[in-house]
Amino acid sequence: MSRGRSAGRPGGARAGRSGAAPGRSAAPRGEAAARVRTNRASSPEAVRRDRVRAIVEPVVVAAGYDLEDLAMSRAGRRHLLRLTIDADGGITLDAVAVVSRAVSAALDAAEESGGVLFDGEYSLEVGSPGVDRPLRLPRHWGRNVGRLVRVQVRAEDAERRLTGRVVAADDEGVCLDVDGDEQSFGYERLGPGRVQIEFNRLDEVTDDDLDEIAPDEDEESDQR
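So the sequence shown is numbered by this note's numbering: it starts at 64 and just counts up by one.
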């Protein structure tokens with residue numbers, strides 16, 4: 064029997080002093096940072112997330128979708144597993160329901176075979192990316208052809224921020240229409256793209272998209 068529920072939706076710290084203790088040498092910053100990253104990567108929660116992803120992702124892919132994000136959190140003994148899926152043409156409520164059932168069955172089967180994934184009950188939420196999702200991969204850009212995007216472009220000696228409409232995108236790069244001038248960029252030159260909301264084209268934006276819009280990080284830093 065499943066212990067989870069699936070739901071779809073489009074003390075004081077002591078201050079220390081830096082420096083090596085007497086008779087000991089301080090590790091280089093790079094080595095210390097690498098140890099921190101290694102410790103985080105091997106933490107129990109990271110290991111649990113990797114195990115869950117290894118079960119979930121093949122199920123999502125087999126259903127014909129991409130697993131864009133997997134997030135796990137907990138409140139007391141209850142775990143919350145959030146999956147973000149996407150596909151060419153977008154995600155429908157029927158797709159959310161199909162993936163939710165398939166993932167729930169796969170997780171239950173994994174636990175019944177002896178692999179404990181969650182200490183206690185869990186809830187499953189499956190949804191699609193909002194317009195605030197950064198465009199990082201070629202498929203992200205390809206699924207936003209026709210939309211206005213703001214992006215940081217890297218050059219040899221400087222960076223510049225531009226806003227343009229996505230004309231085309233493939234595995235090599237993206238073509239943007241910037242004020243009537245079409246410009247092509249390889250992905251290695253682009254930072255994460257941010258879709259811009261156009262109030263004269265709100266009929267193309269869903270209510271879920273509007274609910275999930277987050278302030279642009281660049282704009283927040285400019286205001287500060």
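FYI, nobody ran anything at the bench for these hints, they're computed from the structure.
Fair warning: there could be bad hints in the mix.
The following label-pair restraints were derived from C-beta to C-beta distances [stated by the list, open to error]:
hint, residue 1, residue 2, range
1, Glu235, Ser176, 38 to 44 Å
2, Gly205, Gly243, 18 to 24 Å
3, Glu261, Ala109, 35 to 41 Å
4, Arg199, Asp157, 25 to 31 Å
Just so you know, these numbers come straight off a predicted model, no measurement behind them.
Note that the Cβ used here is the ideal one computed from N, Cα and C, for glycine as well.
Results for each hint:
Distance hint check for Glu235 and Ser176: the Cβ-Cβ separation is about 43 Å, which falls inside the suggested range of 38 to 44 Å. For the pair Gly205 and Gly243, the beta carbons lie near 22 Å from each other, so the given range of 18 to 24 Å is met. Remark: the range hint 35 to 41 Å for Glu261 to Ala109 is upheld by a beta-carbon distance near 39 Å. Take Arg199 and Asp157: their Cβ atoms lie about 27 Å apart, and the range 25 to 31 Å holds.
When each numbered hint is compared with the structure, no violation occurs for any of them.
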